[in-house]
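Starting from the structure of chain A, add chain B where the hints point.
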Amino acid sequence: MKITVNRSAVIDAPIDRVWAVLRDFNSHEQWHPAVDRSEMENDAGGDVVGSVRRFCLAGGSELREQLLSHSDREHTLTYCILDSPLPLLDYVATVRLKPVTDGNRTFWEWRSRFRAPGDRAGELEGLVGRQIYEAGFTGLRTFLADEGALARPEPPGASPPVVETVEGELLPSRAVTVTDHGGPDLLLLSDVTVPAPDPQEVRIRQTAIAVNYLDIGHRRGIVPGLELPGTPGVEGVGEIVDVGAQVNGLFPGDRVAYMARAPGAYAGIRCVDAGACIPLPAGVSDKDASTLLKGVTAALLLGRVFRAAPGETILIQAVAGGLGHLLSQWAKSMDLIVIGTVSSTEKARFSRDHGCDHPIVIEDARPLQADVMRITNGRGVDHWVHSSGARGLDDALACLSRCGHCAVIGGRDGQPISLDVNLLKQRSLTVSAPVCFDYTDDRPYLHRLAHQLFAKIQNRTIIPAIETFPLGKASDAHRKIESRQTTGTVVLIPDK
Amino acid sequence: MVKVYRSTVLDAPADRVWRDLRDFNGLANWHPSIALSRIEKGHPADKVGCVRNLQLKDGARIREQLLSLSDYDFSCMYAILDSPMDMSDYVATLRLLPVTEGNRCFIEWSAEFECRPEQVTELTDTVGEGMFQTGFDALKKRYGQR
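Taken in sequence, the protein lines are chains A and B. Residues in the first sequence are numbered from 1 upward in steps of one, following my numbering. Residues in the second sequence are numbered from 1001 upward in steps of one, following my numbering.
A few of these clues could be false.
Unchecked claim - Cβ pair distances, simulated, as ranges:
1. B/1124 with A/20: 21 to 31 Å
2. B/1130 with A/115: 40 to 50 Å
3. B/1103 with A/117: 27 to 37 Å
4. B/1114 with A/121: 48 to 58 Å
5. B/1023 with A/87: 41 to 51 Å
6. B/1045 with A/148: 44 to 54 Å
7. A/90 with B/1079: 31 to 41 Å
8. A/198 with B/1045: 55 to 65 Å
To be verified - In silico EDC-like links for lysine to aspartate or glutamate, alpha-carbon gap of 20 Å or less:
9. A/480 with A/467
10. B/1057 with B/1082
11. B/1041 with B/1023
12. B/1003 with A/72
13. A/496 with A/169
14. B/1141 with B/1023
15. B/1003 with A/16
16. B/1003 with A/74
17. A/480 with A/185
As the list claims (entries may be wrong) - Residues of chain A placed beyond 12 Å of chain B at every Cβ, according to the derived structure:
18. 6
19. 10
20. 20
21. 30
22. 51
23. 63
24. 86
25. 118
26. 374
27. 402
28. 465
29. 483
30. 496
If you are wondering where the hints come from, they were derived from the structure by calculation, not from laboratory data. For every residue, glycine included, the Cβ atom is placed at its ideal position computed from N, Cα and C.
Extracted from the complex, chain A is given alone in its bound form:
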């Protein structure tokens, strides 16, 4: 059955800027969220007609495509698929740009024709249109914004844009402040004034603020990073109020999510480094976007730390938790076999609905090894996500397969964790201690993972489970997490 896919968008950047990126047939890995790696066969240049590029997609599959025509004059290129895991037969696609002289913007049309089996026509049309073309529009916008190339479109001649003029003013807001390290009762909401953003910052009116285990460590004083008096929280979502003088590519009214090493997120309005902000696609709600830090952590664990492959086995501790339930859904979407530990049968049911094939209800004094070996036919698991600190690490190592990998995350109880390397040598085991921010300081990488996350949320591969508390009830939120009574993630909502 013959299928035509046609998608188009307007990019707020001059055509030369957009074409400078798109004319390189080998540039997708820099801006397209679906493409992990791209390389040219025979080291050909990205503008050699007839050359072949090889994509390694985010899901792990590979694709070969050949450049059929290329015109700098017409701002257009045509290519075809040579090899693909999907039945996209005789697939020929054209990318064409046209200048929008009104506002110095760019019209971008991406279209293709191919044949596909009749029963998969709708699915493949949607996949190509949404996950390749529309995701590409969003990805390129992010890439250009990072480079500072996105221009503010000229305001339409007749009506000036209606933007609240608050530039430069102090804005009243409320923030949760900690003056002493200790229990959840020390999280107190108070009135603050938020100054105008510094040159590299944006000021954000926040709508959703995720609570992370790190925040609890900051509050208790067992993890350094929060100076007192200070406001905890390392990520948030909201709408930009105004931007600093040197900020490019972000504008008042933009919806963004951010994550940053420096705390300060438990607030109604705050200033944050513009480089940390990721513009949100239309199909992702503010609440769902507040899973950014956990979702990105899940992505980098699977993709970078474990380099997990379909068919492999992963065990996730606290699989019903904030990170756990996102990680299990992501792993399931990559065709991994997912085992998870939970503290109750209710959470076991929840985790089964969120990608976990084999939830194991932890009972005191019963080692996990028997269950894990039964599920893996005595082989052990390839990957283990360990969040309980020193407790149970021996158990983890005993459950790993040969050459298995245990990533020690969270579990920030401040206790030292000792490890006998000789034990690892017996079966070529790896133990790592990844910290998300050490990976995501590489901003293009962060943006790529964020867009993979947003794409999975949009197509409902990942459905975040979110429990909300008013910002003023941050102490209740912390208390509930610390008593292990939550499932999914916990998000604070500031007053309007």
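Relative to chain A, chain B alone:
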């Protein structure tokens, strides 16, 4: 050969805008510089080859002939037969392309003509700004703009 090109984005679907723009006799309905339009010899306005007789608000008259009209790709071409402007071989193309993101449309209007070298700047401005961009601004008001 002088070339003029202008384009913008309108906040309405391409098929909706095309309903208005395909009418070769409809320019006076939306372009602020045009006072009157009629099709000569009583031909229908979508007959390729028909001639429209335009009277501008400043009193000038222009005769233009429809060279092509395509409902398939939302485009038309026309040539100027007579005008007070000091130019020749004027052929213009008007085309809509859908912007699927946001269900809007991209509109481009271009022209090629010959004229004396010292007239290039003035005529480029007359056509590009006075005719095309002024028309766009009116269309943006008519359909709204994001």
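- Message: The hint says 31 to 41 Å between residue 90 of chain A and residue 1079 of chain B; measuring C-beta to C-beta, is that right?
- Response: holds (39 Å)
- Message: Within 41 to 51 Å: is that where the Cβ-Cβ distance between residue 1023 of chain B and residue 87 of chain A falls?
- Response: For residue 87 of chain A against residue 1023 of chain B, whose Cβ atoms are near 44 Å apart, the range 41 to 51 Å holds.
- Is the nearest Cβ of chain B still more than 12 Å from the Cβ of residue 118 of chain A? holds (24 Å)
- Item | 20 Å Cα cutoff - pair residue 1057 of chain B, residue 1082 of chain B | Judged against 20 Å, a Cα distance of about 17 Å means the pair holds.
- Query: Under the criterion that the straight-line Cα-Cα distance not exceed 20 Å, is the pair residue 1003 of chain B, residue 16 of chain A satisfied?
  - Reply: At roughly 19 Å apart (the allowed maximum being 20 Å), residue 16 of chain A and residue 1003 of chain B satisfy the hint.
- Item | Beta-carbon spacing of residue 1103 of chain B to residue 117 of chain A - inside the hinted bounds 27 to 37 Å or not | Check passed, 29 Å falls within 27 to 37 Å.
- Query: CB of residue 1124 of chain B to CB of residue 20 of chain A, is that within 21 to 31 Å?
  - Reply: holds (27 Å)
- Between residue 1114 of chain B and residue 121 of chain A, is the Cβ distance one that fits in 48 to 58 Å? holds (50 Å)
- Query: For the pair supplied as a hint, residue 496 of chain A and residue 169 of chain A, is the alpha-carbon distance within the 20 Å limit?
  - Reply: Judged against 20 Å, a Cα distance of about 19 Å means the pair holds.
- Task: Would you check whether the claim that residue 496 of chain A is not at the interface survives, using Cβ distances to chain B and the 12 Å cut-off?
- Result: holds (25 Å)
- Query: Would you say residue 6 of chain A is clear of chain B, with no C-beta pair closer than or equal to 12 Å?
  - Reply: About 7 Å separates residue 6 of chain A from the closest Cβ of chain B, which leaves it inside 12 Å; violated.
- Message: Would the hint linking residue 1041 of chain B and residue 1023 of chain B be met if the CA-CA limit is 20 Å?
- Response: It holds: about 16 Å lies between the C-alpha atoms, which stays within 20 Å.
The structure fails to meet hints 18 and 19 from the earlier list, while all remaining hints are met.
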